[in-house]
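Just so you know, the sequences run in chain order A and B.
35 is the number of the first residue of the first sequence in my numbering; add one for each residue after it.
-11 is the number of the first residue of the second sequence in my numbering; add one for each residue after it.
Hints were generated in silico from the structure; no laboratory data involved.
Any given hint could turn out to be false.
[Said to hold, decoys possible] Calculated lysine to any residue pairs in the SDA-like style (CA-CA distance at most 25 Å, straight line):
#1 B:48 x A:101
#2 A:128 x B:15
#3 A:77 x A:250
#4 A:128 x B:13
#5 A:128 x B:74
#6 B:48 x B:74
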Amino acid sequence: VNDDVDDGPTGSDRWAEALTWHVTLREAAEKDLTSAVGREWQKWHADPENQRVFDDVSRLLADRDLYRRCRRPSRAELLADRYDLSGPIAEWRKASPPRVAPKQGASSRYWRGWLSSGLAVATLAATAVLVMRLPLRFWPGAGQRGPVIYQTSVGELRNVHLPDGSSIILGGRTELSVAFSAQRRSVGLLRGEAWFQVAHHSYWPFVVAAGDGTITDVGTAFLVQRDSDRVVVTVTQGTVEITPGPLARSTPGIDEGVALAPVLSRIRVTQGEEFAFSDKGALSAVKQTDTHAATTWTHGRLTFDDVPLRYVVERVDRYSSRHIAVSASAGTLRFSGIVSDDGIDDWLQGLEKIFPVTVDEREATVCVHMRDLSPKGGSSDATCTTRW
Amino acid sequence: MTVARASTTEDGDFSAESTCVARERLEIVERAINELPPRCAEAFVLHVLQGLTFEEVGRKMGISWRMAIKHVSRALEYLQTCLDAADVTRSAP
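If we strip away everything but chain B, and leave its shape as in the complex, we get (with noise of 0.2 Å):
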């Protein structure tokens, strides 16, 4: 299919900027992911990339489903964290 076509609708003014936005958001994620302590990137994968539930995340890693909840949660909380202090969500018009 013509993926093509479609992009040639888009205005070429914001593309360097908008680029950069997400470049920068994606690096920041990254970033942040890769200095989760483990088991909190653990569950975070195995809940929001593999669509776990927190029943099952929690029989996986050995802990309650509560626990599941309470690793994942401080990983959002960690990820939201660094995307604020880099300033790039709040600052998108």
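Chain A on its own, in the form it takes in the complex (with noise of 0.2 Å):
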């Protein structure tokens, strides 16, 4: 075999260059990089034609599901490969056009199957239909390629790995966007939950955006929750930066009675801490926190400590079969305590026990409300959220 092809600068070898940083990378990122390496990485990442093949490489490995029915090539087929890797494939096949037409069916590399393709085809219609509202803002430095996304349904858990060696658990009913570029490696949280242990390369960022503000990381293992107002990170290993959006400001907090942070552009998190921030740009003081009780979710478990109903209520939602809400003057009780996702019934009824609320069930929603407790009856709080 012959390993010392040398092509000259052409095309190819930048995708062969590229996806050898691929390895290099991740390599780096388990070990822990020499500057030199890194240098050198900076220095190969400036040329915008070497970006731009990497963010292709980067979107193409991360693409899997487009591959998932592809099959491995026969024998036979290998044996009669006449291709030596001397120049692109696409000029290979203009000068050597097959001899035999490709047939369909048996000398496909995909299996065929109506089902599993309606399935692909369903995926995929659900990934564009993102792709298009994600707004261009999250993106800067992500190329022109759109990020690939990653979603789950109600009451789903779903492990991603990553091309760079990074990996990320997604809670129910999550939503996730990626895109790598050479500059930085960036995920979109557009709601749900997501835990994500990250392979750190420190000239390769990896940055989460969720709301108005990002989460960068040095190092680390974190949970981003998106709420419908508000992102809640937990550091579950080392540190992350976080800058909560352009909106941030000294308002009242969050979480009553929790002292505000400083109104700073970026605000380091370490392990075993917790800090949240609103869409309004309100920001909570950063927290010590119970980091097992924030990746039990990742077991069908999720923990609460004193928050607020309608977040704990719009979390359960996300595993739950049937639709639930809650009220706004219920949604302001606090709870704390356990909910499995395989007795969530159970947790509704025990709320009427241990709070002034009533649960019941309008059409194919459960809403929580406060109990009517006036003689004539016609609560005032029957309105419950059923939108987030």
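Could you fit the two chains together into a complex? Lean on the hints.
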């Protein structure tokens, strides 16, 4: 086997170089990158053409759903292979068109089946809907390809392995977009919750955008929870830097009774700490938290410690087969405890015992609202929030 | 679990158009993979789909890891060439 094919500086070499960089960066993340490799990387990706190819490689590697039904070629096909890698495949195909027209069916490298094909198209369709809706401002330097979208349905947990060696566990009804470029690894949490285990690389930052804020990894595992109007970040290992966004200001905090964090452009949150910022720009204090309790959702248990019921319900709803909503005043009650994803109905019934609330089902929605104590009836608190 | 519920929160407006874009993209990639030289396809499937390292791909195919990278990179380059030719990724808003 000739291992010393030297193409000279052709466009195809960039592709091999980009792929080699993927391996190098991944290894560097596992071991510890020497500054010499870092300098080399910066030099390589300073070239815009290299950058473009690296972005394309990243996107193609991340878009694994596209190749799910692909199969390996047969032994006979492998033996008949005449391509010598000396130029791009497109040029080789032009120069030597296949002698036998490719047959459908048996020679196809895809499993053909209408059911699975329909499912794949449905998945991709959902993906495409989200791609079109993504605000572009999330993706400086994300190239023109658009991000790869990962999503889960109600109650589903999904483990995603990214091409850089990082992995993400997605909670129920969660949507997440991934766009790797040479400048940075950008992830957007559009809704739901996720636990990030980041392969750290000082020259290739890992940045999570949620709400108006961004969370930048400094060697880390962390959880991000995107609620309807706020973002909660819990660091289980290492440190992150959080930029809560342009609206961040010194207004009453998200959690009443909690001191405000000083308004800084960047807030450092380390292992064992939690920080929240709201869409309106309010910031919580950086406070100590039980990181074990914060990760129990990956085993189907949601743990709460003195959390307003509206956030509890919003979160439980991501795992509930029936939609759950809460009224404005019931939503301010504070709940502590554990909710199992297979015991949501029991939990709902239990709410009536610990709080002055009524839980009733209207159409397909379970509504939690304040118990009507007035003798005339006609409760003023019967309106439940049905959309997050 | 109720998958149907999640889908009702999507607007219907985009779905017809996006299904076409998604199907087009899948079809282009499917066709491109079928057109790959078999050894490139082999390396591509082993690395990208089955998650083998380049050392493992090389060992399986009887080549060096460097050549394994070359095979996969040529395959990726070809997929992108086909997608660019069809212009589905660039035209996505």
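Here's how the hints hold up against the structure:
no. : hint         : result
1   : B:48 x A:101 : holds (20 Å)
2   : A:128 x B:15 : holds (21 Å)
3   : A:77 x A:250 : holds (23 Å)
4   : A:128 x B:13 : holds (22 Å)
5   : A:128 x B:74 : holds (17 Å)
6   : B:48 x B:74  : violated (34 Å)
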